[in-house]
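Please build the complete structure, drawing on both the sequences and the hints.
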Amino acid sequence: MKTFRAEAVSDDVYGLGEGPLWDAARQRLLWVDISVGHVHSGEWRGGKVLPGERFEFPGTVGAVVCSAVGELLVAGQRELWTVASDGTKARGPQLIPDEKVSRLNDGGCDPAGRFLIGSMALDDRVGEETLVRVEGSSITIIDDDLSLSNGLAWSPDGRSMYSIDTTPGLVWIRDYESFGPREEFLHITEGSPDGLCVDVDGNLWIAVWSAGQVRGFTPSGEHFVTIEVAAPNTTSAAFIGPDLDTLLITTADGPLFACDIGVRGLPVPVWSGR
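For what it's worth, this note's numbering labels the leading residue of the sequence shown as 130, then goes sequentially.
Hints are computed from structural coordinates only; laboratory data are not their basis. Be aware that one or more of the hints could be misleading.
As the list claims (entries may be wrong) - FRET-style restraints, in silico, Cβ to Cβ:
no., residue 1, residue 2, range
1, D274, P240, 18 to 26 angstroms
2, G188, G391, 16 to 24 angstroms
3, M130, A154, 30 to 38 angstroms
4, G265, D304, 23 to 31 angstroms
5, P240, D372, 15 to 23 angstroms
6, P285, D252, 37 to 45 angstroms
7, A241, A154, 17 to 25 angstroms
8, P297, K131, 26 to 34 angstroms
9, I268, R134, 36 to 44 angstroms
The beta-carbon is built from N, C-alpha and C at its ideal position, and this holds for glycine as well.
So this is what it looks like as structure tokens:
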């Protein structure tokens, strides 16, 4: 098994950095700092992330995606927000009712540009959280028995969807074309699976919370690479840069990290704007 070591690439430290996304059209990195409600943008230059614009929201922020023209869709604490190209913010639909002790967490766009977003419990409840797909005014429930809905990714051909439920340590796979039932793909031990991304060969790169690692798995589920990170709580990963050949890693109570592992990532689907 190969082992790599990631290097810190930001001067700033983030309380709960998450959800990195490479906006190829604007050559910028987007990510969130969940606990303080910030969406960050940055430039990748000279092996460093140079901080750029920052958008602030009330409460927590779970995820951010980007449209073809640069609009942002942001998962706030319970509701969605949009940010226009000029920075104007508008509040969208509320997805979690006031009486439920939960918040929105990780999300992403499917190959058709539809937004998927999950939730997590803020108390000791298990098995009551959801993963939903948002398309205009339509909300489709994909799962309703999760405990901490987390990372999402699709295979290179778009046929398979991977999703993580962190609390039981499970990575699920389902046929996304037929919207088939989910099946267990991996059970992560020695840490908890958090965010993930997929490369051009279909390998999964999973950030493992409390292990200080990102682990690489083949499409058949074989663990073949470990990336060591000098922060115990790795949260997510994304391929960035003009050639999508650098793996950017977010952490909690740590900086951003990056590693060259000799593979390229997939372009991230843009939000359809619906």
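Hints breached by this structure: The structure conflicts with hint 2 only, although it agrees with all the remaining ones.
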